[in-house]
Amino acid sequence: MAKTYDYLFKLLLIGDSGVGKTCVLFRFSEDAFNSTFISTIGIDFKIRTIELEGKKIKLQIWDTAGQERFRTITTAYYRGAMGIMLVYDITNDKSFENIKNWIRNIEEHASSDVEKMILGNKCDMNDRRQVSKDKGEQLAISFGVKFMETSAKASINVEEAFLTLARDIKAKMDRKLDATGQNNKNQGQQLKKSDGKKRSGWKCQIL
Amino acid sequence: MTENRDSEIRERLLWNVKKEVKCIMEEAVTRKFVHEESSSVTSLCGAVEACLLFGLKKRVLGLFKNTTSTALLQKVAKNFEPAADIAKIVTAQEIKMDESKKSVDNNKNHSKRPTLAYSSKYLWIRVALCQKVLDVILDHLVENANKYYEPHSLVADPCDGQVLASLLVGPCALDFTKMKTGDHYWTDPPADELVQRHRIHSSGNHHIRGPDSPKRPGLQVRRHTSSSSEEGMRMTPQSAKDYVESLHQNNRSTLLYGKNNVLVQPKEGIQALAGYLSLHQGNEGLTVKWTPNQLMNGCSKTEHTEEQDRRFCLSPNEMAPRSHRYLKKKGVLYWDYAVTVYMDEIVYLHCHQQPDTGGTIVLVGQDGVQRPPIHFPKGGHLLAFLSCLETGLLPHGQLDPPLWAQRGKGKVFPKLRRKVPAGRMKQDSLNTQAGSVESVNSMNGSIEEEEATDYVFRIITRFTPDLMPPEMLYPKAKSGLNFPDISIPWPFKTGFGKPSLNEIPMATVQSHTPVSPDSTTTIAKAVSNKVRPVYKVPKQLVSHRTSIRQLCDEMKRQIISRAFYGWLAHCRHLKTVRTHLSGLVQQTITSSTIPQDASEGLTEDLWQQFNKDGVVTDADEIYRLVYHGGCSHGIRSQVWPYLLGHYEFGSTQEARDSLDHELHTEYEVTMSEWMAVEAIVRQRDKEIMAANLAKLSSESTSDSSGKALPSPFMRKDSSLSNDVFMDSVDVDDHIVHHPCDTLIEETSSVTTTPSEQAPSERSIRTLPLEKTDSFDNQIITTNLTTKTLIKAVESPDEGLGDSKPCSKRDSCSLSSKHDTIESQHSLEVDQGMPLPEQEEFYTENDKEVQDMLMVKNIIITNPSVDSSDTEQLIGTETSANFLEHMEDALSVGDAGSHISASHDSIISPHTPGSPASHASNGGVYSAEFLEDVGLNLHRIDKDVQRCDRNYFYFTPENLDKLRNIMCTYVWKHLDIGYVQGMCDLVAPLLVLLDDESKTYSCFCEFMKRMSHNFPHGGAMDTHFANMRSLIQILDSELFEHMHQNGDYTHFYFCYRWFLLDFKRELIYDDVFSVWETIWSAKHVASANFVLFVALALVEYYRDIILDNNMDFTDIIKFFNEMAEKHNAKQVLKISRDLVYKLQKLIDNK
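From first to last, the protein sequence lines are chains Z and R.
The numbering of the first sequence is this note's numbering, which starts it at 1 and goes up by one.
The numbering of the second sequence is this note's numbering, which starts it at 208 and goes up by one.
The set of hints was computed from the structure by calculation and includes no laboratory data.
Don't take each hint at face value.
[Claimed, not checked] DSS-like, lysine-lysine: derived pairs with alpha carbons at most 30 Å apart:
{"id": "1", "chain 1": "R", "residue 1": "K295", "chain 2": "R", "residue 2": "K225"}
{"id": "2", "chain 1": "R", "residue 1": "K354", "chain 2": "R", "residue 2": "K225"}
{"id": "3", "chain 1": "R", "residue 1": "K354", "chain 2": "Z", "residue 2": "K55"}
{"id": "4", "chain 1": "R", "residue 1": "K225", "chain 2": "R", "residue 2": "K339"}
{"id": "5", "chain 1": "R", "residue 1": "K1332", "chain 2": "Z", "residue 2": "K153"}
{"id": "6", "chain 1": "Z", "residue 1": "K133", "chain 2": "R", "residue 2": "K1332"}
As the structure is a computational prediction, the values presented were derived from the model and not from experiment.
Isolated chain Z (complex conformation):
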């Protein structure tokens, strides 16, 4: 079976434990919310195919364990990531403070041109808010990345956030492709149908 997507984007969700990474992902991939999630151990990913500017883009979104103890394992996944969502919890100041550390972590382990975005999750719980939206925005500006407040529970901005990130990655990729010239197009990140692990060297010589 041929792959039906034009691009495959690998995204990564990071942030302190309990900020709602898995819920954000579940909202995006299944459009549902489940409050009984258990902590993520190791690594998991979900897939959703979206369409941008007429191109089918398969988003492979990796969900990581939040606790920094697992960084040795999770950082192994930074390398292949094309986009990273940094998630904090607006009701938890600490998780916001740690965004800096996560960014530093990305700088150490991810590729330098990875697209980043900061999400302040749980924005439906305004009454318990500890981090103002302004603060989030300022932090994002200081790192030169985009920012959104989301709520997986109330389904606010989750879809938009991922689409924005995907759009940014695609734009960056298109720029790169333009820069390298048309003839090199296939060497970019664009996946051809026969690309990847499923080799198909069709050798039949008859019709």
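With chain Z fixed as given, assemble chain R onto it according to the hints.
Just chain R now, kept in the frame of chain Z:
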């Protein structure tokens, strides 16, 4: 007559709807959600549409040309509200679609988005289905059928109409999701579906199987299809899907040629069947496969096949022995007809061309037996096949005579116009001599002789004594031990009747001078004169005798060398196994049947027998029983403490009771310790929270934050410091500044109060468990009270042996002394003494800045104690000066004592071992320590709150128990702290034991092994390395696959398995049985049983992994989705088998 036809049509229409409903409901169950644009929705809509259109009163309704039922909806909408709603939505959507279509056209984008076309089909039915009103509308239609439908229609039928409406109730109850594009599904099938597919495709005896699969190479002898044509034809399919997939291009073989509707008569007395002919080049050489169309089409139930089935049943002996679960009825027979021919067994290829029917090929084996004739359709297919075959044979073989290359036309038959009946007869007679000629071909041959152009090609393998194929000399590592199966065919080949024996050496001799098609037309012409007699030239006959002998000798040598290399490979293999893996299992193999059958496990009766007088002694037997058969659930709570090492085997009831009691009190003491700290942390958190809130509001309201946010080094108002905890409100980075002075004053006052006496007393009770440093510390802290001042002075002398604790203690005791004396002249001592000590401390820790801060950041345990304003003031001032004067060693006055006091608290967080010392430390904690505890508590809370909430046991009350256990453990192991996943390990223990202190103790035992798996331990990497070696040895094919598909032999996908002992992979009941098996395996079979469970999980799905060509991401997704869906019983069985297998392998010296 028409009535009958109508009812037939109705039946068929209804049957279609039933089928589709069934499909969609199944999809809903297996996937949990169905996409709106899923193909099953479309086909259901199609089936419903067909029903609705049948017998519709088009004329009456004025719908002449309409071929869809949309107009019907419009009609119904006039009198029926739900239909009207649907009609509205439909119109709206149609408009939207038109617009987007236009916009697409405007953009000159001609590739119309497929989703649009997709959803516009049966639009209203689809919309009604998604809006869950389709059944209602149909009900309405059925009730008012006479208005819209002819009497013979399905809807108007009194019975069928109702059935149709009620069939749709189910699908209308489903929720459809719009989330994904339709293609999402078939590009990434969910794990469930993969497993299900596998189950469906594989036949009964091959569903999901363990590592002992016949497919696997390695230590087993590969079953080679024997060369008799009988066997070749009756090939038993490994699994239908495997087989069908093997016909296509895949990574194991290359498809050289494929043609459908090739006729083959697989058996005598059966008509020729149409099928798919394919030519493959794989590891085993060239293979010709022919598969009946019925198999290719997935055994569809057409009348045609049923008819044929009936005909096939005439040969009942074929029916009997097959036991395929899925293809029981029809497919089975066809499997017998499928043909697989290995080209290296074929010597001759007879070609018969008939101008009217295309061509026929008959393959003749080296045993002289003819394979079923293959009839190609017209149009050069035979030639195409031959040229592919010729290419495929290269470089080791060729067709003789070779095909001719003709410019512009490609390969053509050699120009052989004259037929030589004599030669043909000769060949036929040769075949008859061989004794196994099928009559079919010779008959065909004689009939066609007049008109057809017939050829006989010989297939020459370039197999010469000098040029041995490399695989003969170097047995592949993979199949290092399969020498017997290769050695068999050769002597077998030589042992045939004389005519065929004559021909083999000829072939080999001939192949010394390979004939290239272009250059040697002369030879081809010679062949053309007499179809094959080139080889029959008498002068060559003499050399044949010698060459036969030569060949026989050569074969002997090859057999011997092959056997030798095989043996050598085996030895090497075993050496690797022994060196790397022998440590993983115990040498002695414990039987599952001796002294008694252990498959039932440890039952309650057996447990009663062991536990007669309250003393359980026969540990080995219990381990053996649990390992082989698990433990009855009812007695688990009794047995587990033994298995985990909480109770000792052979202990008496009283001993156990007293142990429990002891541990219980200890547990409570520890709990009270961390709870005290928790109270502080809570309070602190509240303040921080309040501070943040205040900050938030102040940020938004005014710029008065200047005062609200002092820098860490800024002095605060003395009025503010009235309340100890208000101080921290102002602190930016959650570090609490506290005057050292207050601290001392308060501790001394606190320790005198009876309520605060408690912690130190408690910690003294737990003394035997503590390390000596903490012992010292406790003495010091008790000494802080004025009453025991003398003792404090004495205590330094007790342990002057080791330098560090000693010096610390020195300073502490000094400080306490100064504190209590509070005299001017003691200052001199102070100035002298603490300073060097201080320096020593800094150099030791090598992080001066941090320590400087810590000196400042000290907090008091007891929030209830109020200190006087004056004291506070002094403290504030002194500590304000403190930092500034740090360089000058000391400030004047009381400051000296403050410094030394702060040393005490600096030291405490660095004292290795028990945090209990902090509690007893007069209640003094550094901010860093509190930070640490707070973080751990926060994490524990986060994880406890979301731990298995779906499991009935975890009510809020029981979650509290879980939390208590977790906190107690972390409190005792603060150096490691809480790591995510620990909760998961406590949970099953708590569920089973339902006793906090016992669970805690068992958990501690459990963690002795498990804690190494956490990131701070190194066990995980060892696990991965061992997995690698194990899988390499026990399933090399799978290893090879993993290695080649992006190399995921790092086994990261097993991370969670090892970290949590499969807790997340299995449901609770299964976790219990897997855990107890792991624990007892340590004493029975292997201390690393987890490895074998992990291996069994991989092996259980090996075929799915291989068939779907899974890479790392696929496998992660697969196992994450398969979590809690494994068959634990089967997996455990496989794991024990694997242990046994490895034991045997090592044992086999």
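Handout entry: Unmet hints by their number, sorted upward, for this structure
Key = 3, 6
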